[in-house]
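Residue numbers (this note's numbering), protein chains in the order written: chain A, 420 to 489; chain B, 8 to 563; chain C, 12 to 91.
No lab work stands behind these hints, which were simulated from the structure alone.
Incorrect hints may appear among the rest.
Now the stretches of chain C that chain B is said to cover, found in silico as 3 or more residues with beta-carbon under 8 Å [stated by the list, open to error]:
1. 30-43
2. 56-63
3. 66-73
Every residue gets a Cβ at the ideal spot worked out from N, C-alpha and C, and that includes glycine.
Given next are the chains, with one letter for each unit.
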Amino acid sequence: MELSRARSFTTARPGEEWADIARRTLADQDPGQAVEALQSWNLHLFLRQPRGRILGCDVIFTEPPLTDAG
Amino acid sequence: MDLIIRNGRIVDGTGLPAYQGDIGIRDGRIVSVGGRIPGTATEEIDAAGRVVAPGFIDPHTHFDVQLLWDGQARPALEHGITTVVPGNCSLSLAPLKVEHRPRLVGMFQQIEEMPDAAFDGAFEWTWESFADYLTALRSKLAVNVAPLAGHSVIRLWVMGDAANERAANADEIAGMQELLRQCLEAGAVGLSTSFVDVDERLQPVPSRYAHAEEIDALAAVLGEYGRMLQVVPEFYATDITLARVDQLAELSLKHQIPTTFSPLFDSAANPDNISRVMARVEEQMARGARVWPQVQTRPIDISFTFEVASLLFAGTPGWYRTMRLPRDEKIAALRDPERLARLLEEAEPGGNTDRFRKMRVRAVARREDDGLVGRSLGDIAAERDSTPARVMVDIALANDLDASFVATDLGHNDPARVGALLAHPMVHIGASDGGAHIQSFATYGDTGYLFSRFVRERHDLTLEAAVKKITADTARIWGIAGRGLLQPGFAADITVFDPDVIDRGDEVVAHDMPEAGMRYVRGSRGIYTVVVNGAVAWSAAAGGYTEARQGQVVTR
Amino acid sequence: MPAEPHDATPRIERALVAPGHDGSAELLLRIRYGDGSSDSVTLDAAAAERLLDQCGATALEQLVGQPWRRLLNVLEQSGD
Chain A
420 MELSRARSFT
430 TARPGEEWAD
440 IARRTLADQD
450 PGQAVEALQS
460 WNLHLFLRQP
470 RGRILGCDVI
480 FTEPPLTDAG
Chain B
8 MDLIIRNGRI
18 VDGTGLPAYQ
28 GDIGIRDGRI
38 VSVGGRIPGT
48 ATEEIDAAGR
58 VVAPGFIDPH
68 THFDVQLLWD
78 GQARPALEHG
88 ITTVVPGNCS
98 LSLAPLKVEH
108 RPRLVGMFQQ
118 IEEMPDAAFD
128 GAFEWTWESF
138 ADYLTALRSK
148 LAVNVAPLAG
158 HSVIRLWVMG
168 DAANERAANA
178 DEIAGMQELL
188 RQCLEAGAVG
198 LSTSFVDVDE
208 RLQPVPSRYA
218 HAEEIDALAA
228 VLGEYGRMLQ
238 VVPEFYATDI
248 TLARVDQLAE
258 LSLKHQIPTT
268 FSPLFDSAAN
278 PDNISRVMAR
288 VEEQMARGAR
298 VWPQVQTRPI
308 DISFTFEVAS
318 LLFAGTPGWY
328 RTMRLPRDEK
338 IAALRDPERL
348 ARLLEEAEPG
358 GNTDRFRKMR
368 VRAVARREDD
378 GLVGRSLGDI
388 AAERDSTPAR
398 VMVDIALAND
408 LDASFVATDL
418 GHNDPARVGA
428 LLAHPMVHIG
438 ASDGGAHIQS
448 FATYGDTGYL
458 FSRFVRERHD
468 LTLEAAVKKI
478 TADTARIWGI
488 AGRGLLQPGF
498 AADITVFDPD
508 VIDRGDEVVA
518 HDMPEAGMRY
528 VRGSRGIYTV
538 VVNGAVAWSA
548 AAGGYTEARQ
558 GQVVTR
Chain C
12 MPAEPHDATP
22 RIERALVAPG
32 HDGSAELLLR
42 IRYGDGSSDS
52 VTLDAAAAER
62 LLDQCGATAL
72 EQLVGQPWRR
82 LLNVLEQSGD
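Produce the entire structure from the sequences given, and follow the hints as far as they go.
Right, here's the structure in full:
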């Protein structure tokens, strides 16, 4: 059964930081801008402790929200 | 027969219409349902005019520690709860090495607000393994316990301090798999994990350091036993919840396991959250995945004191500024007539007292103010010929700011939306958090509230549907065999109640924790008899709790 | 200040107080992205207090229009 499209996300591989995830998921973009974009889509990781540190279980969005959720 | 419950209105947990009849019990099991049972039994209960239902099952509790000195899980039992699931949110009391006990105590204190005394002398630590923990529990129980094993403690056992630092390597993952296998063999009904909780140092609990490979490996072990994976997702963040639904669905399909995430809330601040999450759940369930959102029945309250600036005041900038002042300056500002007058005008513009009128006094430091606890500010204001905001300030100052207040029904509080959600066939009613947050609010009585609010008052669910939701459905979702139905051969877990009266009682302060520690509780209304494995464990006619200790650890 | 019509910077569009699971009040921010999409994030009381301070805001409405980078900087610099 086909699922409707959902906002794409990934989880970190052991040892990965923002730059690694940007390289893996946004390979066609300028590295600095890719990190910037990733962080802007994942503010939830900065709103909790430890701020901005990626944990193994974290959902990391690799695109902005799909639609205006209202 | 040992026990016959006569003339009751039998709501058997199937969801089918109620019918009149007797129920016979022998050796802890139901042997006869419906019809007139001839002869007599050792004990008989007249249930005329009352509903006879399977005992309720509470799938999200933190009674782990309390059960060690209170096998009745008070006050859950008096609400008709006959089976509790402890060990949620990645935290269980086993498996746990001796040297890790202080770490676990810290986590429990942070997340569940358990006082020191609860761990210091209230029980004897006699176990490290999950099997030995269950042995320590078994002799004490008046309720049934279907325990989860916590991912954080499993991680701690295998990785030690590194559990809070890094990803697990292949050997460590294999070690966790083996440990989980031992827990499941001993009787664990699944694994709990958390994506949000923090410990007493406000650092992430160990389960949050687990990468996808580790979670997948543990889910594979759950698959060997067909057992549950429970997770705590991020609250209110809809896109993240949707991602969690997809993650759980993939694990469910790959390993053929049930999964549940708890809690799912409705909030006016994020009104499309529920519809989007449930749409995704429906899609995933249609694929054959089992992803059960747990929804609580009760609304959410917000508590605050004058010691700390609550965001509740962020909508009134003058108050928020004042609340953020250093303590002495804050007291001086509240004592200054001119500044107070400005604050009162902001809080009650033009004499409109709506903002604070319904708020209640939650706790006070001064003994002479004890009588104010539980009363609304509007009520006290009327008595004192004052206004709600002014009496709130007066009470705070009189108690040297050591007074707390509660604003009730601020979230998950739209009865039409919550009622429709609770009735949804893919919603698992639960998330009570029984035994947790004990010094902030009462986590008991959600089942009574289900019947009073959503069955009797609003008709969102029929009586039969509501009973099914918290008995047979719960047993089926969790794979708890032989419970949840009134059916011959099933365990005699039975709750007798008056459908016109059943409700949760008022929230009150109790000092019934070890060394007279305080917590908030609610008693029950309209519950008459609670039977656990054939023994009357609570009876209104007999004055409440009995000496029965027939509770069991519910295994496969 | 409100976002410009063609501004590509994600900005805070709305700030509301919401009840948290543990009985505390939390701040729910809606972030509007440059492509028109939006998302919500939740701050605890301490983080919200710092954000208000750093933005020089005394009321929640004054957070509206603040760029995401400011939010991120505030949070990255907080040491708690």
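Consistency of the hints with the structure:
Against chain B, the segment 30-43 of chain C contributes 10 residues with a C-beta closer than 8 Å to a partner C-beta. That satisfies the three-residue criterion, and the hint holds. Counting residues of the segment 56-63 of chain C whose beta carbon lies closer than 8 Å to any beta carbon of chain B gives 4, which meets the minimum of three for the stated coverage. With 3 residues having a Cβ less than 8 Å from any Cβ of chain B, the segment 66-73 of chain C passes the three-residue criterion, so the hint holds.
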